[in-house]
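The hints should help you fit chain Y onto chain H, whose structure is shown.
As you go down the protein sequences, you meet chains H and Y in turn. Okay, so the first sequence: first residue is 42 according to our numbering, each after it adds one. Okay, so the second sequence: first residue is 4 according to our numbering, each after it adds one.
Treat the hints with care, as some may be off.
[To be verified] If the Cβ cut is set under 8 Å, some of the chain Y residues that face chain H in the computed set are:
#1 Asp-28
#2 Leu-48
#3 Ala-49
#4 Leu-54
#5 Glu-56
[Unchecked claim] Anything over 12 Å on all C-beta distances counts as not near chain Y; from chain H, calculated:
#6 Lys-126
#7 Tyr-232
#8 His-248
#9 Gln-284
#10 Ala-324
#11 Glu-409
#12 Gln-431
#13 Ser-435
FYI, nobody ran anything at the bench for these hints, they're computed from the structure. No residue lacks a Cβ here, since even glycine has one placed at the ideal position from N, Cα and C.
Here is what each chain is made of, one letter per residue.
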Amino acid sequence: MTLANNTELDALSCLASSAAHINLAGQRYGTAELIARGRKLLSSKPHILLGLCRIENADMLALLLASFCSRQACLLAADPSLLAKRCAVIYGAADQGISVTQGEHSAECRGDFAVLSSGTLGDPKLIWHDINATLSTADLVRKRLELNAQSRVLISVPLHHMYGLGAALLPALLAGSDIYFLPKSNLLTLYQALTQIKPDFIYSTPHQMRPVLKRLRPSTSGQQHLVLAGDAVTPELAIQAQQCLGQCFNLYGSSELGVVAISAANEVQRLQALEGVSVRSEAANDCSDTKEQGETLWVQHPYAAKGWCRDQHFQKLARWWNSRDVAAIHPDGTFSLRGRADLSVNRAGKLLVLAELEQQLMSWPEIEMAVASVLPQQQAGGLTLAVLIQTAASHVNGESIHQLALERLPYFARPDCYHLATAIPCLASGKPDRKKIMREYYDEPNRNYPTVTAAAR
Amino acid sequence: MNPTEIIQQLQRLLVEELDLNLSADDVHPEVSLFDDGLGLDSISLAEFIELLETQFNVMILDEDLDMSTFRSLTRVAALIEKRSQALAKDVAV
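Looking at chain H on its own, in the form it has when it is part of the complex (with noise of 0.2 Å):
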């Protein structure tokens, strides 16, 4: 039963009587199984917010499925200490079945669940959103991706963020999809679930992807369609890919707006707003702190979120929701997207956007990562713009990647220190923790740049 196919039938009614089977551990169980089980275990505890944290075994999505068609309000999360304030009971995925934990105090519920922002740059929100309403952008993402009841999908993403819940799980759900759920993955259960299960749909991450693309032998199908999401995907990673794979979408989205938009397969530069869905670039003048200057994205989606807490206070989202993303809009009405507004800076005049100038490091032979960062000290040319490489090959140096910048890099996007790393610090999502590497290589007491300070732009 899809909402394709009953448009009567409200979204909810869809996912309970989904088809679909999603496996998980060597198990397999029914969309039908998993919620009674989940309601057998809410059924003492009706009416009040529960938290869920790391949805990782079958208990834990049996109550994230049944606290969904049962319309009881919970908060999903990885970090038990940021339910605790919130919630009066906490599950939390233990390695043996589930655990149960009283919270400190229950909060107001403001919909049906809510996400915690990725909080990369700042703290975190608390995200509420309607069910219904996510679930019909999940019936908007199935439509575009042509998920079916054949299709065999592998989501190696989180859960308790709104790419692997509302973009991965919830499509697959409503198309009554096999799932083949693969929490906590590493290179090598991706490895082993991409060569076995051989599924059709794979939903992942660019830091996932790039070590299991490098030994992936080329596909002779070329039937596979790779979902990948953030500000990494580079259009190397995308022919690398399409190349083992067959087919790279690009998936744009936010915790506040859930799916926004998707590319055409292969083409990830230029993403497609969802049915709906409207786009729009503004000048972004409100951010002076980074001096930015380009244009930001804003949104106006028919199905994001009612609204934000922090601190108590709720906040009910615009109609028009500015994603402080710069983008640029084509003439076709698709969009491409340069990286965050508040990780860019104006350097002697010109826009930098921070995302970027990693894409172009990340091309260059030998550096598996590099994360930009501006620093509050002034260089000639502007605020300081300093880059942490992360690369196993014992020849590249400060030095080295130096020289490829005064020859490949305009002026303006020279850095001015960098700073090597066997493994730049990550967030569980795989993006580079922000705060992280602020504090350990940049901010006072620990400062220790630069390695190498490029003297010349």
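Coordinates of chain Y only, in the frame set by chain H:
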């Protein structure tokens, strides 16, 4: 190189070459490389596999990329030995 020497070399790689804040005491031959042991994430595992190939001059094949192969250093050492022997055989032919 015999298995004991391979394991010693593997211990050195994990402690000195990967930025994992491990001490020599953490890395005993039967320790798991995964969450129930050293806790290598996907990126560290990829780096470790690349180091195996460069330091031991072997080719890790698709069929070797298996959780059970990387369950302990003893098993990784057995893999290195197997791949070294296969390489020596190829060269002899």
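For this structure, which hints from the list above don't hold up?
-> 1, 5, 7, 8, 11, 12, 13
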